[in-house]
Amino acid sequence: MFRPEHSVILGIGELKPSLDVKGQISLDLLARAAVLAIQDAGLDKGDIDGLLVCPPSEDSYFLWPSQVAEYLQLSPTFMNMVELGGASAAGCIARASLMVAAGLCRYCLCLSGGIWDPQVFNTREGKTAVMSQAEIDYELPYGPMGFNSGYAMIARRHMHEYGTTAEQLAKIAVDQRTNALANPDALFNRQPLSIQQVLDSPIVVDPLHLLEIVRPCSGAAAVIVGNKGPHRAPAHTPVILRGFGEAYTHNSIAYAPSLTTSAIKAAGERAFRMAQLTVKDIDLVSLYDCYTITVLISLEDLGFCHKGEGGRFVERTDLTYKGNLPCNTHGGQLSFGQPSFAGGMSHVIEAVRQLRGEAGQRQVSNNRRALVNGNGGTMSTQCCLILERG
Amino acid sequence: MTDYQQTYWEHIEEGSLWLQYCSHCQRYVFYPRRHCPYCPRENLEWRQTSGQGRVHSYTLVRVSALPEFKDLVPYIYALVDLVEGIRIPTNIIECAVDQVRVDMPVTLATIKREGRALPVFKPFQKQN
Chain A
1 MFRPEHSVIL
11 GIGELKPSLD
21 VKGQISLDLL
31 ARAAVLAIQD
41 AGLDKGDIDG
51 LLVCPPSEDS
61 YFLWPSQVAE
71 YLQLSPTFMN
81 MVELGGASAA
91 GCIARASLMV
101 AAGLCRYCLC
111 LSGGIWDPQV
121 FNTREGKTAV
131 MSQAEIDYEL
141 PYGPMGFNSG
151 YAMIARRHMH
161 EYGTTAEQLA
171 KIAVDQRTNA
181 LANPDALFNR
191 QPLSIQQVLD
201 SPIVVDPLHL
211 LEIVRPCSGA
221 AAVIVGNKGP
231 HRAPAHTPVI
241 LRGFGEAYTH
251 NSIAYAPSLT
261 TSAIKAAGER
271 AFRMAQLTVK
281 DIDLVSLYDC
291 YTITVLISLE
301 DLGFCHKGEG
311 GRFVERTDLT
321 YKGNLPCNTH
331 GGQLSFGQPS
341 FAGGMSHVIE
351 AVRQLRGEAG
361 QRQVSNNRRA
371 LVNGNGGTMS
381 TQCCLILERG
Chain B
391 MTDYQQTYWE
401 HIEEGSLWLQ
411 YCSHCQRYVF
421 YPRRHCPYCP
431 RENLEWRQTS
441 GQGRVHSYTL
451 VRVSALPEFK
461 DLVPYIYALV
471 DLVEGIRIPT
481 NIIECAVDQV
491 RVDMPVTLAT
501 IKREGRALPV
511 FKPFQKQN
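Residue numbers (my numbering), protein chains in the order written: chain A, 1 to 390; chain B, 391 to 518.
Derived from the structure by calculation, the hints contain no laboratory data.
Mixed in with the good hints, there may be bad ones.
[As the list claims (entries may be wrong)] Here are the simulated DSS-like pairs of lysine-lysine, each with C-alpha atoms no more than 30 Å apart in a straight line: (1) A:K45 / A:K22; (2) A:K307 / A:K280; (3) A:K322 / A:K307; (4) B:K460 / A:K322; (5) A:K265 / A:K280; (6) A:K127 / B:K516; (7) A:K322 / A:K265; (8) A:K127 / B:K460; (9) A:K45 / A:K228.
Since this is a predicted model, take the numbers as computed values, not measurements.
Starting from the given sequences, assemble the full structure and let the hints guide the process.
Right under this line is the structure:
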């Protein structure tokens, strides 16, 4: 029988997010992250026999795993591309554990990132490239603003149903900025942020302010998943995958069963069931934060507070690395940056750092178990991982 | 264009919103497609809708990156729940951006945009 806890995260590698990567292509960044993760795991490149890649942002998708394997001169025994939008990175870890458990490979390299072209969403071609035919036919004629308008409607509906306020949502961005100040790699790590500053930033798509919206950038991250067992150079505390769970309900938010209760609920329940743990066993969280409302709904749906109480919960809870529910201690995508389409690997890597006790200035004191969530589309694809210090 | 896309847009050109209906599931289907997504039989029938609904949620677009919408800002992008049990993405027209509300009753209208008719919604008033 499949036992997720037989899989461990052996290596991590991450590039500092950047807004200027002239003269490089996505494969350059991915290769650098891969080398860092292989070194971190104490392995040689030749040991890597499994490969999972997230989609690139600007390059041709065509045979992308083959392109990556060729560039790095890997000869995997099993490989694939995982396309779950922002849940792709977490989805890679779940699938890598299955590959390792099935004996398809010993060491699976999971890769995410690439070059971000800031113009990609500012043209009709850029917008339609990430749209389904149904979105092109029945949404685009009305002038939606990509993912921004979907999450804006989620936030508006949550405000209507539960009285959630703009100040409460802003608190999430503020706490994550505090975390970023303690992360030398974060894009925004110089100035602290106040709730008023978030509310004073331009309303991009009502009711979402600029400082509640993810910052796309270039970067790359790599994670190596292997079997629990004797390894050549256990340089770091291994991190065990105790469980994972996924759930999918829709592609466009127009067809979601609910705007305010998401598939994170089912994904989280599945992960907790596999891990035989509950929300009370979790010390810290890495929650996919494309927008502040995403974090708030994730906290509710995962059971950290009751549905509808997310606003009041974040108001009274210190979400920084100093608090009792540390959340996105690297700064999250809001302050760390969202490298390429699928920034979610940064959430996995930060959880691993915290569980290893290698988070430096922002190290949390209770660091036995972490919950990581990846969210893709408009709350469309969900993957929860429960990680434990080995 | 598929036959079901064509049927949908032809009715819109005539000023009415027709949706597919599965007589087996007794449910309306949106967006148009070959199969009922619930059972999933083919041969869905077409039924005219009441055009009545409520705003489920909305957002105000103040700056549009799409060139053809640059002169239309600010505009209301919304999800409307039709009484037939269907949620449809749309614009709310004839409504000031500070007047739109969640749960506000709305009724069907059609506008011409880029040379073709488009179903949108406007605030429902009793004289309608």
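Inset, instruction - Take a quick look at whether A:K322 and A:K265 sit within 30 Å of each other, Cα to Cα. - result: 27 Å, holds
Inset, instruction - Would you mind confirming whether the straight-line C-alpha gap from A:K307 to A:K280 stays at or under 30 Å? - result: 17 Å, holds
Legend entry - A:K127 paired with B:K516 [C-alpha distance capped at 30 Å]: Given that 30 Å is the threshold and the Cα spacing comes to 39 Å, the pair is violated.
Legend entry - Restraint check for B:K460 with A:K322, where alpha carbons must lie at most 30 Å apart: 45 Å, violated
Inset, instruction - For the pair we were handed, A:K127 and B:K460, check the Cα-Cα distance against 30 Å. - result: This hinted pair holds, its Cα atoms lying about 16 Å apart.
Legend entry - Restraint status (C-alpha distance of A:K45 to A:K228 at most 30 Å): Between A:K45 and A:K228 the Cα gap is close to 19 Å, so the pair holds against 30 Å.
Inset, instruction - Quickly compare the C-alpha distance for A:K322 and A:K307 to 30 Å and report which way the hint goes. - result: 25 Å, holds
Legend entry - Given pair status - A:K280, A:K265, alpha carbons within 30 Å: Holds - the C-alpha atoms of A:K280 and A:K265 are around 15 Å apart, at most 30 Å.
Inset, instruction - For the pair we were handed, A:K45 and A:K22, check the Cα-Cα distance against 30 Å. - result: With a Cα-Cα distance of about 27 Å, the restraint between A:K45 and A:K22 holds, given a limit of 30 Å.
Hints 4 and 6, counting from the list given before, are not met by this structure.
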